[in-house]
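Q: Below are the chains, spelled out letter by letter.
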Amino acid sequence: MSITSLAVHGAIRRAAAGASRAHDELNAADGKLGDGDTGVMLQRLFQALAALDVEDGADLGATFQAYAKTCASATGSSLGTLVTVAMMTLAKATKGRSEIAWSDLGGHVAALRDQMMARGGANLGDKTVVDMIDAVALALDGASSGEEAASRSVAAARDTLAQFRNRPNRLGRARMFGEKTIGLDDPGMLAFVRLLDSVVAEPVGR
Amino acid sequence: MSITSLAVHGAIRRAAAGASRAHDELNAADGKLGDGDTGVMLQRLFQALAALDVEDGADLGATFQAYAKTCASATGSSLGTLVTVAMMTLAKATKGRSEIAWSDLGGHVAALRDQMMARGGANLGDKTVVDMIDAVALALDGASSGEEAASRSVAAARDTLAQFRNRPNRLGRARMFGEKTIGLDDPGMLAFVRLLDSVVAEPVGR
Amino acid sequence: MKKLMNAPDAFVNEMLDGLVAAHPTLVREDRIIRTRHAPVAGKVGIVSGGGSGHLPLFTGYVGSGLLDACAIGDVFAGPSVASCVSAIKAADGGKGVLRLYGNYGGDRMNFDLAGELLEMDGIATTTVLGTDDIASAGAQEAGKRRGVAGIVYAYKIAGAMAARGADLAEVTEVTQAAVDACRTIGVALSSCRIPGAAAPSFTIGDDEIEMGMGIHGEPGIWRDTLRPIDEIVDEMIARLLADPVPVPSARVSVLVNSLGATPLEELFIAYRRVAQRLKSEGYEIVRPLVGPYVTSMEMAGMSISLLHLDAEREALLAAPCDCPFWRVS
Amino acid sequence: MKKLMNAPDAFVNEMLDGLVAAHPTLVREDRIIRTRHAPVAGKVGIVSGGGSGHLPLFTGYVGSGLLDACAIGDVFAGPSVASCVSAIKAADGGKGVLRLYGNYGGDRMNFDLAGELLEMDGIATTTVLGTDDIASAGAQEAGKRRGVAGIVYAYKIAGAMAARGADLAEVTEVTQAAVDACRTIGVALSSCRIPGAAAPSFTIGDDEIEMGMGIHGEPGIWRDTLRPIDEIVDEMIARLLADPVPVPSARVSVLVNSLGATPLEELFIAYRRVAQRLKSEGYEIVRPLVGPYVTSMEMAGMSISLLHLDAEREALLAAPCDCPFWRVS
Ligand SMILES: Nc1ncnc2c1ncn2[C@@H]1O[C@H](COP(=O)(O)OP(=O)(O)O)[C@@H](O)[C@H]1O
Ligand SMILES: Nc1ncnc2c1ncn2[C@@H]1O[C@H](COP(=O)(O)OP(=O)(O)O)[C@@H](O)[C@H]1O
Ligand SMILES: [Mg+2]
Ligand SMILES: [Mg+2]
Ligand SMILES: [Mg+2]
Ligand SMILES: [Mg+2]
Numbered sequence: 001m002s003i004t005s006l007a008v009h010g011a012i013r014r015a016a017a018g019a020s021r022a023h024d025e026l027n028a029a030d031g032k033l034g035d036g037d038t039g040v041m042l043q044r045l046f047q048a049l050a051a052l053d054v055e056d057g058a059d060l061g062a063t064f065q066a067y068a069k070t071c072a073s074a075t076g077s078s079l080g081t082l083v084t085v086a087m088m089t090l091a092k093a094t095k096g097r098s099e100i101a102w103s104d105l106g107g108h109v110a111a112l113r114d115q116m117m118a119r120g121g122a123n124l125g126d127k128t129v130v131d132m133i134d135a136v137a138l139a140l141d142g143a144s145s146g147e148e149a150a151s152r153s154v155a156a157a158r159d160t161l162a163q164f165r166n167r168p169n170r171l172g173r174a175r176m177f178g179e180k181t182i183g184l185d186d187p188g189m190l191a192f193v194r195l196l197d198s199v200v201a202e203p204v205g206r
Numbered sequence: 001m002s003i004t005s006l007a008v009h010g011a012i013r014r015a016a017a018g019a020s021r022a023h024d025e026l027n028a029a030d031g032k033l034g035d036g037d038t039g040v041m042l043q044r045l046f047q048a049l050a051a052l053d054v055e056d057g058a059d060l061g062a063t064f065q066a067y068a069k070t071c072a073s074a075t076g077s078s079l080g081t082l083v084t085v086a087m088m089t090l091a092k093a094t095k096g097r098s099e100i101a102w103s104d105l106g107g108h109v110a111a112l113r114d115q116m117m118a119r120g121g122a123n124l125g126d127k128t129v130v131d132m133i134d135a136v137a138l139a140l141d142g143a144s145s146g147e148e149a150a151s152r153s154v155a156a157a158r159d160t161l162a163q164f165r166n167r168p169n170r171l172g173r174a175r176m177f178g179e180k181t182i183g184l185d186d187p188g189m190l191a192f193v194r195l196l197d198s199v200v201a202e203p204v205g206r
Numbered sequence: 001m002k003k004l005m006n007a008p009d010a011f012v013n014e015m016l017d018g019l020v021a022a023h024p025t026l027v028r029e030d031r032i033i034r035t036r037h038a039p040v041a042g043k044v045g046i047v048s049g050g051g052s053g054h055l056p057l058f059t060g061y062v063g064s065g066l067l068d069a070c071a072i073g074d075v076f077a078g079p080s081v082a083s084c085v086s087a088i089k090a091a092d093g094g095k096g097v098l099r100l101y102g103n104y105g106g107d108r109m110n111f112d113l114a115g116e117l118l119e120m121d122g123i124a125t126t127t128v129l130g131t132d133d134i135a136s137a138g139a140q141e142a143g144k145r146r147g148v149a150g151i152v153y154a155y156k157i158a159g160a161m162a163a164r165g166a167d168l169a170e171v172t173e174v175t176q177a178a179v180d181a182c183r184t185i186g187v188a189l190s191s192c193r194i195p196g197a198a199a200p201s202f203t204i205g206d207d208e209i210e211m212g213m214g215i216h217g218e219p220g221i222w223r224d225t226l227r228p229i230d231e232i233v234d235e236m237i238a239r240l241l242a243d244p245v246p247v248p249s250a251r252v253s254v255l256v257n258s259l260g261a262t263p264l265e266e267l268f269i270a271y272r273r274v275a276q277r278l279k280s281e282g283y284e285i286v287r288p289l290v291g292p293y294v295t296s297m298e299m300a301g302m303s304i305s306l307l308h309l310d311a312e313r314e315a316l317l318a319a320p321c322d323c324p325f326w327r328v329s
Numbered sequence: 001m002k003k004l005m006n007a008p009d010a011f012v013n014e015m016l017d018g019l020v021a022a023h024p025t026l027v028r029e030d031r032i033i034r035t036r037h038a039p040v041a042g043k044v045g046i047v048s049g050g051g052s053g054h055l056p057l058f059t060g061y062v063g064s065g066l067l068d069a070c071a072i073g074d075v076f077a078g079p080s081v082a083s084c085v086s087a088i089k090a091a092d093g094g095k096g097v098l099r100l101y102g103n104y105g106g107d108r109m110n111f112d113l114a115g116e117l118l119e120m121d122g123i124a125t126t127t128v129l130g131t132d133d134i135a136s137a138g139a140q141e142a143g144k145r146r147g148v149a150g151i152v153y154a155y156k157i158a159g160a161m162a163a164r165g166a167d168l169a170e171v172t173e174v175t176q177a178a179v180d181a182c183r184t185i186g187v188a189l190s191s192c193r194i195p196g197a198a199a200p201s202f203t204i205g206d207d208e209i210e211m212g213m214g215i216h217g218e219p220g221i222w223r224d225t226l227r228p229i230d231e232i233v234d235e236m237i238a239r240l241l242a243d244p245v246p247v248p249s250a251r252v253s254v255l256v257n258s259l260g261a262t263p264l265e266e267l268f269i270a271y272r273r274v275a276q277r278l279k280s281e282g283y284e285i286v287r288p289l290v291g292p293y294v295t296s297m298e299m300a301g302m303s304i305s306l307l308h309l310d311a312e313r314e315a316l317l318a319a320p321c322d323c324p325f326w327r328v329s
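Protein chains in written order, with the working numbering: chain A, 1 to 206; chain B, 1 to 206; chain C, 1 to 329; chain D, 1 to 329.
None of these hints come from the bench; they were simulated from the model.
All values derive from a computational prediction rather than experimental measurement.
Cβ coordinates follow ideal geometry from the N, Cα and C atoms, glycine included.
Don't take every hint at face value.
Stated by the list, open to error - So the derived list for chain B, only partly shown, Cβ under 10 Å to chain C, looks like this:
hint: 1; residue: GLY76
hint: 2; residue: SER77
hint: 3; residue: GLY121
hint: 4; residue: ALA150
hint: 5; residue: LEU171
hint: 6; residue: ILE182
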C-alpha cells in the first residue's frame with residue numbers, strides 16, 4: 001500500500017470539491033480577521049489543480065512540480081503561496097519516484113511544515129495553518145496505512161482547531177486584531193480541516 | 001413724506017433681521033429645488049449691507065452705490081447678484097437726490113424689474129423673484145404714502161406667492177425638476193415675502 | 001460624506017491657502033488665483049471662474065498654456081462680481097480677455113456685469129460658455145446646455161491659441177468652435193454634501209445609477225438599478241454620437257472623468273470599453289484623458305467627453321501646457 | 001460602494017486593458033506592466049508589485065526614472081509568484097534588479113520565491129521593503145511595519161539612482177536609507193468594498209474617524225467622533241515627528257495623500273495646516289506632493305508621509321521622471 005500520482009490526484013480532486021462546499025464558510029471566517037477571500041482563493045486554486053492531467057504511474061516529483069507551477073501562476077495569496085511552497089517541497093523530495101510509502105508521509109509533512117515556516121516566518125503557536133500541519137505531521141508518525149493515516153490526521157486536525165480557537169492570532173493581518181481573535185477559528189486552519197475531511201471521505205490509498 | 005437714505009437703511013436693517021429669522025425656512029425651500037443656500041446667502045448679504053455706515057441726508061445714489069459695491073463683493077449667488085443689479089439700478093436712478101417720493105417708488109421697482117430680467121434672462125411667469133417684483137411694482141402704482149405702499153405691496157406679494165405655488169418653475173436649476181416644483185414655493189419669491197414682512201413691521205417712511 | 005475640514009465657512013479660503021502653499025506657481029489674491037506671470041503683456045488673457053468643490057476645476061487649470069486667472073466662488077456658488085472683475089484685470093495684458101466658463105445663470109450674470117464695469121477701463125472682453133452637457137437640454141436648445149467636464153478641452157484650446165499670439169477674436173472663435181465640437185454625458189452613483197449643509201445635495205438609492213445627472217445633482221435622463229459598466233458606456237457613447245456636431249471628424253479626443261469618489265480602476269475599466277466602442281464605430285482616439293478632471297467633491301460617478309478634432313484643434317491639444325493637474329510637454 | 005464594473009472576476013484584467021489603452025508608454029504582459037523600453041541594458045532594474053485597488057500604486061508608477069516593471073495581484077491580494085518572476089525578468093538589464101514593495105507577508109513570500117527561482121537564471125536581486133506606516137508597529141519593531149504611501153518616495157529615489165547608473169548595491173543602499181528616513185500615518189473616514197465581496201472591508205460609524213488605520217482597513221490607534229482637521233493634522237504631525245529617524249533633517253518633503261474618496265479640496269485644507277505646523281517646528285518643506293498617490297478605491301481618508309532629506313536624496317527627488325501619474329522635469 002503506497003501513494004501514487006493517481007492517488008494524489010484523486011485527493012486533490014476531493015479537496016477541490018471540499019473547497020467548493022466550504023467556500024462561504026471560509027470566506028466568512030477570513031472576513032472576521034482577514035480580507036474574506038480564503039474560500040474563493042482555495043476554490044479557484046484547487047479547481048486549477050484538479051483540472052491538470054495526471055497519469056497513473058507518473059513520476060511524483062513531476063506531478064508535484066506541475067502542481068507547484070500551477071499554484072505559482074494561479075494565486076498570490078499568502079495561503080496559496082504556502083501551498084506552492086508545499087508542492088515545491090514535495091516535488092524535490094519525491095523526484096524520480098513513482099510512489100511513496102504511507103509510513104513516510106509524516107516525514108514529508110514535517111519537511112513541508114519546516115519549509116512553510118522558513119518562507120512565511122510563522123512560529124509554532126502563531127495560530128496559522130502551520131500549527132495544523134505540525135499537529136498532523138506528529139500524528140502521522142508511525143502510521144503505516146491509508147486508514148491509519150486518515151483517522152489519525154483527522155483527529156489531530158480537529159483537536160488542534162479546537163485548542164487554538166481560544167488563543168489569539170499572532171501573525172499577519174489577523175495579529176492586528178489581537179485579543180479579538182480569541183474565540184475565532186483561523187481561516188487557514190479551518191480550511192485545512194475542511195479539505196482534509198473531504199480528502200479522507202473516500203479511501204486515499206490502494 | 002418721502003424716502004431718504006436713513007429710511008432706506010432702516011429698511012435694510014429690518015430686512016437683515018428678517019433674513020436671520022427666515023434662514024432655516026429659506027434654506028429648506030431652496031433645498032427642495034435648488035442648492036439649499038438661499039437663507040444663508042441672504043443672511044450674510046444683508047448683514048454686510050446693514051453693517052455699512054449710512055448718514056441721514058446722504059445722497060441716495062451714493063447710498064445705493066455703496067450697497068451695490070458690497071453686494072458685488074459679498075456674493076456670487078444668482079439671487080445675490082440680482083440684488084446687486086437692483087442696487088446698481090437704484091444708484092443710477094437716484095444719483096444726486098437725497099430723497100424720493102413714495103409715489104415714485106413703483107416706477108423705480110418697475111425699472112429694477114426690467115434690469116433684472118435683462119440681466120438674468122428670466123421671463124414673467126417663470127416663477128422667480130422677478131414675478132414678485134413685477135407684482136409689487138404694479139401694486140405700488142398710485143400709492144402715495146408709506147402706509148399705502150406697505151399694505152399694497154405686502155398684499156400683492158402674498159397673493160403672488162400663493163398664485164405661483166401651483167405652477168412649475170421654469171428657470172435655472174429648479175427648471176430641471178419640472179412638474180415636481182408644483183406645490184413648492186420658489187425660494188427667491190418666498191424670501192422676498194419674508195423680507196418685505198420684516199421691512200414693513202415698522203413704519204418705513206416719515 | 002464626512003469632511004476633513006474646520007469651520008464650513010472657512011472651507012474655500014483654507015482650501016485656497018493650501019493650494020497656493022503646495023503650488024508656488026499659483027498666486028492668490030483674495031478670491032482669485034492667477035499665474036505668477038499674469039498678466040502677460042501682448043497676450044490675450046484667458047479667465048474662468050465658478051463655484052468651488054470641483055477641483056481640479058476651475059482654478060486648478062491656472063497655468064501656462066491654460067488659464068491666466070480664475071475667479072472663485074463658494075462651494076457650488078458663483079464667484080462674486082468683484083472676483084470676476086479682479087480676475088479679468090489680472091489676466092489683461094492689453095490684448096483683451098476671453099471669459100470662458102460654464103453656462104450657469106448666476107455665473108453669466110456675474111461675468112457679464114464684471115465685463116461691463118471694465119468696459120470703462122478699456123478692457124475688451126469676449127465670452128465663450130461651456131455647454132457640453134447633452135443631458136441638460138436637447139440639441140435644438142444647445143444654448144441652454146450646462147457646461148461640465150468638456151470645458152477642460154476648451155481651456156486647453158483657448159490657452160494654446162492665446163500662447164500662439166492669436167488676437168482676441170481669433171482665440172474666441174477657435175474656442176467657441178471647440179465647445180461646439182465637444183459633447184459630454186455623465187452618470188452619478190452617489191451624492192455629495194456641501195460643507196455645512198444639513199443634508200446631501202440629492203439622494204439616490206444604494207443600488208441605483210442616474211444617467212445624465214449634472215455635477216451639482218441636476219436631474220438626468222433616467223434612474224435605474226446599476227448595470228454592468230459596458231452597458232452603461234455603450235449607452236453613453238451612443239448618446240454622444242447621436243448628438244450632431246457642426247463638423248464631425250473621425251479623429252476624436254476623449255476624456256473619461258471621475259466625479260470624485262469613483263476610483264481610477266473603474267475609470268480604466270470604462271475607458272477600455274469606450275476605446276473599443278469608438279474604434280468599432282470607426283473613430284481614432286487622440287490623446288485620451290482618464291482621471292479626475294472635473295469633480296463634485298465626494299460624489300461617485302463619471303462622465304465621458306468627446307471632442308471632435310480638426311488639424312488645428314489637434315495641434316492646439318498637443319501644444320505645451322503646465323498647471324498643477326495637467327501637463328503636456 | 002457601488003462599482004462601475006462588469007464581472008468582479010474581470011475587474012483587474014479589464015482595468016489593466018484600459019490602463020495600457022490610455023497610456024501607450026505602458027506595456028502589458030498578462031499580470032505585469034512594464035515600460036516600453038524595459039529592460040534597459042546596463043541599468044539596474046526596479047520592480048514592484050502588490051495587490052490591485054490602490055491606483056496610482058503600484059503599477060501607475062511604471063515609467064522613466066521610476067519603476068521598470070510591476071507585478072499585479074487581484075484586489076488587495078499579492079501578485080502570484082509567476083508574475084513576480086516575469087516582472088523581475090522584464091526589468092533585468094544585466095545589472096540586477098531591486099525588488100521594492102510593501103512589507104506584507106504574502107508579497108514577501110512571493111517575491112522571495114521568485115528571486116530564488118531566478119537565481120538559477122543568474123539574475124541578481126535585492127530587496128527593500130516599504131515599512132513607513134508608524135501606526136502598524138512600534139519604533140522598536142520598525143521591521144514589522146507595513147508599507148503605505150511613503151513607498152512613492154522610495155520609487156522616486158530608487159528610479160533616479162538607477163537612472164544615474166548606480167550599481168545594484170548602491171541603488172539598494174540609497175533606497176533603504178530613504179525608506180528609513182520616511183514615516184507615514186493615515187486616518188480613515190469610510191470603508192471600501194472589494195469587487196464581488198458581500199460586505200465592505202470594515203465598518204466605521206457615520207460620525208467617526210480612525211487614527212492610524214491601514215490601507216486595507218487594518219485596525220489603527222484610536223477611533224472617535226470626527227473633529228476639526230487642524231486637530232487631526234496636529235496629532236498626525238506630532239506622531240510623525242515623535243518617531244525617530246536615523247538621520248533627522250530640517251529639510252523634508254511631505255506627501256498629503258487621499259485614500260480615494262477624500263477630495264482635493266480637503267487635502268489642500270489639510271496641507272495648509274501641515275505646512276503651518278512643520279514651519280513652526282522649524283522644518284523647510286521641499287517639493288510637497290498633494291493628491292491621490294496611494295488609494296484604496298472608494299475609501300475616504302488621508303495620509304501624511306514625511307521624508308527627511310539629505311543633499312543626495314533631495315537631488316534624486318528633483319531628477320526627471322515620467323509616468324502617467326507623476327512627472328518631474
Ligand atoms: N506567513 C504565514 N505563515 C503561515 N500561515 C499563514 C501565513 N500567512 C497566512 N497564513 C495562513 O493563511 C490564512 C489566510 O489565507 P488567505 O485568506 O487565503 O490569504 P490572504 O491572507 O493572502 O488573504 C491564514 O489564516 C493563515 O492560516
Ligand atoms: N436668472 C434669474 N432671474 C430671476 N430670478 C432668479 C434667477 N436666478 C435665480 N433667481 C431667483 O433666485 C432664487 C435662488 O436664490 P439663491 O438660492 O440664493 O441662489 P443660487 O441659485 O445661486 O443658489 C430663485 O428661487 C429665483 O427666485
Ligand atoms: Mg484572506
Ligand atoms: Mg440656492
Ligand atoms: Mg447657490
Ligand atoms: Mg487575500
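Q: For which of the previously enumerated hints does the structure constitute a violation, in increasing order of number?
A: 4, 6
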